[in-house]
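Starting from the known structure of chain P, fit chain C onto it as the hints suggest.
These protein sequence lines are chains P and C, in that order.
Using my numbering, you'd call the opening residue of the first sequence number 1 and step up by one each time.
Using my numbering, you'd call the opening residue of the second sequence number 1001 and step up by one each time.
Wrong hints could be hidden among the right ones.
[Unchecked claim] DMTMM-like mimics (lysine to aspartate or glutamate), calculated; alpha carbons at most 25 Å apart, straight line:
1. Lys1001/C with Glu44/P
2. Lys11/P with Asp1069/C
3. Lys1001/C with Asp56/P
4. Lys1071/C with Glu44/P
5. Lys1057/C with Asp1069/C
[What the hints assert, rightly or not] Here are some chain C residues pointing at chain P (derived, C-beta under 10 Å):
6. Ser1007
7. Gly1041
8. Arg1042
9. Ile1049
10. Phe1052
11. Ser1053
12. Cys1090
13. Pro1100
Hint data in this document are derived by calculation from the structure and do not stem from the laboratory.
C-beta: ideal position from N, C-alpha, C; glycine also.
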Amino acid sequence: GAGVSQSPRYKVAKRGQDVALRCDPISGHVSLFWYQQALGQGPEFLTYFQNEAQLDKSGLPSDRFFAERPEGSVSTLKIQRTQQEDSAVYLCASSGTGGEAYGYTFGSGTRLTVV
Amino acid sequence: KNQVEQSPQSLIILEGKNCTLQCNYTVSPFSNLRWYKQDTGRGPVSLTIMTFSENTKSNGRYTATLDADTKQSSLHITASQLSDSASYICVVRTGGSYIPTFGRGTSLIVHP
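This is chain P alone, in the form it adopts within the complex (with noise of 0.2 Å):
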């Protein structure tokens, strides 16, 4: 596609339910990264994969957080027993062979909200 696609764009969860976010980057970006972006804050990084490859994941906040990449292209960012205090947008954002020097492309996000 022309750009970062993220699914879905809204998604309310109870407390304690798990949830999965997708993200369909760029066709052909190497890099995938996520972040987490709290009202008000610039994105926090989560996780960043090169194609299949998970190289950073220290940005994790729990191991109720878990990110995957199967085949290099669809990411998907799930979210166990999910709390009140992971509300947030969760944007994806990807870059080509040149990495961030060259541009990231955002996806337009997912909020979520915990209730």
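Quick look at chain C alone, frame taken from chain P:
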């Protein structure tokens, strides 16, 4: 610790007026600095990118400046339009790292 501080936190201006947003960073070693525009409910979109040797870069009504000595950058918006209402985020990347440091953003509201 790498940090990016932006000011003001929010700004309200009248349509047609100019404004300047500030970004101070402590990131080292410096690789590049980007300004992003984030409309409500959308992902950030890159406006400009500047490397160490660049002092000024323009993109239409947006002009970014960089002072690598003082580690400061500014984004100047000329003749503001209602569509400029958004959050503007300063992002700095260190050399050798693929994880940039994001500022918290400046929320700009342009009133008619």
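Hints, verified against the model:
Distance hint between Lys1001/C and Glu44/P is fulfilled; the C-alpha atoms sit about 15 Å from each other, no more than 25 Å. Between the alpha carbons of Lys11/P and Asp1069/C the distance comes to roughly 45 Å, so the proposed pair goes past 25 Å and is violated. Among the hinted pairs, Lys1001/C with Asp56/P is consistent with the structure: their alpha-carbon atoms are about 18 Å apart, no more than 25 Å. Of the pairs offered as hints, the one joining Lys1071/C and Glu44/P holds, with about 21 Å between alpha carbons and a cut-off of 25 Å not exceeded.
Distance check on the hinted pair: Lys1057/C and Asp1069/C sit about 17 Å apart at the alpha-carbon level, within 25 Å; holds. Given the 10 Å rule on beta carbons, the hint for Ser1007/C is violated: about 13 Å separates it from the nearest Cβ of chain P. Given hint, Gly1041/C at the interface with chain P, holds; its Cβ is 7 Å from that chain's nearest Cβ, closer than 10 Å. Hint status for Arg1042/C: holds, given a least beta-carbon distance of 5 Å to chain P, under 10 Å.
Interface hint at Ile1049/C: satisfied, since its Cβ lies 7 Å from the closest Cβ of chain P, which is below the 10 Å cut-off. At a threshold of 10 Å, the smallest CB-CB gap from Phe1052/C to chain P is about 13 Å, leaving the interface hint violated. Annotation: interface hint on Ser1053/C violated; nearest CB of chain P at approximately 14 Å, more than 10 Å. Proximity of Cys1090/C to chain P holds as hinted, the smallest CB-CB distance being about 9 Å (cut-off 10 Å).
At a threshold of 10 Å, the smallest CB-CB gap from Pro1100/C to chain P is about 6 Å, leaving the interface hint in force.
Taken one by one, the earlier hints fail for this structure at numbers 2, 6, 10, 11, listed in ascending order.
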